[in-house]
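For reference, the chains in residue letters:
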Amino acid sequence: MENLYIEETKCTPLIEGNVNGSLSIKGNCFPENSLTFFEAINNWIDALPNDLSSFVMDCELNYIASSSVMHIFKLMQKAEERFPVDKIEIKWKYEIDDEDIEKLGEEFNNLTKSEIKLIPVEV
Amino acid sequence: MNVLESCKEKYKDSKQFFENKDATLFLTHFGELDSEKITNLSSKSEEHLIEIGAAKRTVRNIFNILIEGLQNIKNHGETSPNGEQLSFFNMGEFNDQYLVSFSNLISNGKVKSVVEAINTLNNQDQAGVKQIYLKTLTNGEISEKGGAGLGIITMAMKSKNEIKYQVTKINDDLSLITIETKIDKT
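These protein sequence lines map, in sequence, to chains R and F.
With the working numbering applied, the first sequence covers 260 to 382.
With the working numbering applied, the second sequence covers -4 to 181.
These stretches of chain F come out as covered by chain R in the derived footprint (C-beta under 8 Å, 3 or more residues):
(1) 47 to 60
(2) 122 to 134
(3) 146 to 152
Calculated pairs, BS3-like style, for lysine-lysine (alpha carbon to alpha carbon, straight line, at most 27 Å):
(4) F:Lys69 x R:Lys333
(5) R:Lys285 x F:Lys125
(6) F:Lys3 x F:Lys105
(7) F:Lys10 x F:Lys155
(8) R:Lys362 x R:Lys352
(9) R:Lys376 x F:Lys130
(10) F:Lys140 x R:Lys285
(11) R:Lys350 x F:Lys130
(12) R:Lys333 x R:Lys372
(13) F:Lys130 x R:Lys362
(14) F:Lys125 x R:Lys337
(15) R:Lys362 x F:Lys155
(16) F:Lys69 x R:Lys269
(17) R:Lys337 x F:Lys140
(18) R:Lys362 x F:Lys125
(19) F:Lys130 x R:Lys337
Now the in silico label distances, taken between C-beta atoms and shown as ranges:
(20) R:Asn302 x F:Asn90: 46 to 54 Å
(21) F:Glu4 x R:Pro379: 46 to 54 Å
(22) F:Glu27 x R:Thr268: 15 to 23 Å
(23) F:Asp29 x R:Val344: 36 to 44 Å
(24) F:Thr74 x R:Leu370: 31 to 39 Å
(25) F:Gln119 x R:Pro379: 25 to 33 Å
(26) F:Gln11 x R:Val344: 51 to 59 Å
(27) R:Thr295 x F:Gln161: 31 to 39 Å
(28) R:Met260 x F:Asp8: 55 to 63 Å
(29) R:Lys346 x F:Gln161: 47 to 55 Å
(30) R:Met260 x F:Glu136: 24 to 32 Å
(31) F:Asn103 x R:Met260: 48 to 56 Å
(32) R:Asn368 x F:Asp29: 31 to 39 Å
(33) R:Asn302 x F:Thr74: 27 to 35 Å
Hints listed in this document are in silico derivations from the structure and should not be mistaken for laboratory results.
All figures in this text were calculated on a predicted structure; none of them were measured in a lab.
Glycine included, each C-beta is placed from N, C-alpha and C at the ideal position.
The shape of chain F in the complex, shown without the other chains (with noise of 0.2 Å):
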């Protein structure tokens, strides 16, 4: 199996996880993304919410959220030995919480310290995510791309929940890495 074809797999698997657990996947995109289609996933998020009465908050959080781990893929995630940077994407509604979830090409060298930085954010409580924000916004470094390091920790203190993580890993190069925040409904 190669790449695309592996990535559509656990993109049709993802799919299948919403549908087990009779939830409502309502957004959801595999494929390249670009600044345009950022802004329109999101804005379409942002529409939906408040079409379903969400309340305001959370529509802010999730439409952050969306704006960080889209943004995150972009920059970050890895391409195809054909150049495609592959990607897919997918938010849903449980009975008392949303469930957004990124997933992009990863190499495997990077795999142990995207880990590490998810681990480190999971064992903190909201104040301790708090200072990891502070002192890394402080630090003041901005990468190429224009990423600051501030994304995954903005998805954690946005979503206030556990991030989950999944890795699969595609061949020797790459692997596959998923991303899940859950927010609650309350």
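Chain R extracted, bound-state conformation (with noise of 0.2 Å):
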């Protein structure tokens, strides 16, 4: 299995998945089709070990269609499915006066069995 690697563009993140279990997300989230774009991003969650000693999700979105959300907070209930949660760490940083990208983090938190750390972030 290898890392994961997709290029930031105007319209999607820069997606970077490490093998020892981290997956960081950054930028922008409108793809066209948020069904094709997520689907290398699921398959490579899914080709993880199952011993993992921990799997860190670091999520810093700016601008994020609701269909992404939706695909995020997936990705969010598969690292569940995968993993204990006690092994898992999600962070979701926000730009410092952003209230709505903090308000969707606060509800990951309460949809998730994870707690999510929300982290202020200084642009």
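Reassemble the complex: the two chains are provided individually, in unrelated frames, and hints are given to aid placement.
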């Protein structure tokens, strides 16, 4: 299995996945077809070994389309299906005055079993 | 009048509306949309809003509304008999609000369900809209085109105002639907 790398575009985020158990999603996220875009990431998580010591998901999103919101939520759910909750760490970074992205992180925190760390970022 | 001519006529009327109301129309588009055009239109709106000193939160909300509205047209807009996915969009500024409107072809058979969905949102307060959003998000259904059914709900959440709509029947198969969102300046 290989690391995952998807280059950033104006409408899709930089994706960096390390087989040691980390996934970073950073940038704008309004792909033309969210199903196609997230398929590679879903497949990559599916192929990760079961016995990882931890799985860290690091999200830093700017503009995000509603369909991508659902896909990110599904990635979190998938991580919880694959790995024990105490081995999952989800970081949700948001621009310090971006209340909507902050609230989205809070909603995910309410909807997932894992604890999501909300991290304000100065831009 | 054929479908293209009808759409052009409605587009002309929609631009005239801004003029009649003494509003500034600062971004407009007629024709088919692709991913690049959607990104460019959204970026242009962001640049313009920053230039005129719009609040950062307003800039973000409008950008999000644009992405949802334009992707909605691209994913769900019906095509004319010539195979063109005709649509138009206008964005302008009034004294105390910004107005963004999206128009696309829709098959007559789908009008009722879309109108019902908008009416349901309009009958809710913001907490109610949020509940519908969370329910849809956790249902987790995503269409083949990558839509999650959250677009119009997100537009309602971001605009915080009633979503207005207008449906004009064009022929036995098609209508033109216009969805209008208003965003307060403060």
